[in-house]
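Novice: Protein chains in written order, with my numbering: chain S, 1 to 141; chain F, 142 to 282.
Derived by calculation from the structure, the hints in this document are not laboratory data.
Straight-line distance between alpha carbons at most 25 Å, and here's what the computed SDA-like set of lysine to any residue pairs gives: (1) S/Lys91 / F/Asn201; (2) S/Lys91 / S/Ala78; (3) F/Lys232 / F/Ala264; (4) F/Lys232 / F/Ala154; (5) S/Lys91 / S/Asp14; (6) S/Lys91 / S/Arg19; (7) F/Lys232 / F/Arg161; (8) F/Lys232 / F/Arg192; (9) S/Lys91 / F/Arg143; (10) F/Lys232 / F/Val172; (11) S/Lys91 / F/Gln144; (12) F/Lys232 / S/Arg2; (13) F/Lys232 / S/Met1; (14) F/Lys232 / S/Gln3; (15) S/Lys91 / F/Met142; (16) F/Lys232 / S/Asn60; (17) S/Lys91 / F/Ala203; (18) S/Lys91 / S/Phe39; (19) S/Lys91 / S/Ala123; (20) F/Lys232 / F/Ser218; (21) F/Lys232 / F/Thr193; (22) F/Lys232 / F/Ala219; (23) S/Lys91 / S/Arg51; (24) S/Lys91 / S/Leu15; (25) F/Lys232 / F/Asp257; (26) S/Lys91 / S/Ser29; (27) S/Lys91 / S/Glu33; (28) F/Lys232 / F/Ile178; (29) F/Lys232 / S/Arg61; (30) S/Lys91 / S/Ala13; (31) S/Lys91 / F/Arg202; (32) F/Lys232 / F/Glu174; (33) S/Lys91 / S/Gly27; (34) S/Lys91 / S/Asp101; (35) F/Lys232 / F/Gly168; (36) F/Lys232 / S/Ala62.
Protein chains: 2
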Amino acid sequence: MRQQISVVTLGVADLDRSRRFYRDGFGWSPVFENEEIVFYQMNGFVLGLFRTAALEADMNRAGLSHPAAFALAHNVSARDDVAPLMERLAKAGGSVIRAADEPPHGGLRGYVADPDDHAWEIAWNPAWPIDEHGHVTFAVS
Amino acid sequence: MRQQISVVTLGVADLDRSRRFYRDGFGWSPVFENEEIVFYQMNGFVLGLFRTAALEADMNRAGLSHPAAFALAHNVSARDDVAPLMERLAKAGGSVIRAADEPPHGGLRGYVADPDDHAWEIAWNPAWPIDEHGHVTFAVS
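Let the sequences and hints guide you as you build the complete structure.
Specialist: Rendered as structure tokens:
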């Protein structure tokens, strides 16, 4: 089976609030939106914001909870870009979970939760190549 | 800010159990592994399985819970590939949350939870192009 993920879907309580967070915080533009879902074209896959009730219905599973045992990482291209982006995300409705500091493997990273408590790691990791399309290749630091 | 995610990290209770699930269920091979984390090179980003306790320490946040309000989708290339993959995932230690059926937008999809209750949508969606590198482009069905 191909090592492939097509969509990362986040359940959100308020689609407008989330759309604003991703626009004002990250500066991202949807490729599609309706009253239940917003899609963003990412680097090789699609990010979806889906009303949690609709995600629960689609999944056939109620009572989805948070904070959850997962994180998404967004990498920036310079060490000095980490803190300003984290500030921008906090101003846009996010909450800083961990201020930026150096992880054991090097670089710099912090964590911000989006309005639904989904954790975003904002990282500068000079060891991992990112090409002009935003595609990331694993490399040992 | 680039519309970019570098890493999708899943917190897992037992790294060996998860590694077996992703190997025997999806047939995936790690690009890196140690006692705390396993990385898979995906289509333009990296999937990480991280011991939940280590993820909590990294995130500076305790009590991560499940089932969580998010899902990852793996798309297959033919309608008839959905059910066999779901069976294989269930045999490898996953749990079927929703048997495959047709969503309102067409195609076919079902949901399987991994051993840590992370939800995977297994989908056939003929509307979304997937190139030879596994990179997915959003398209309206």
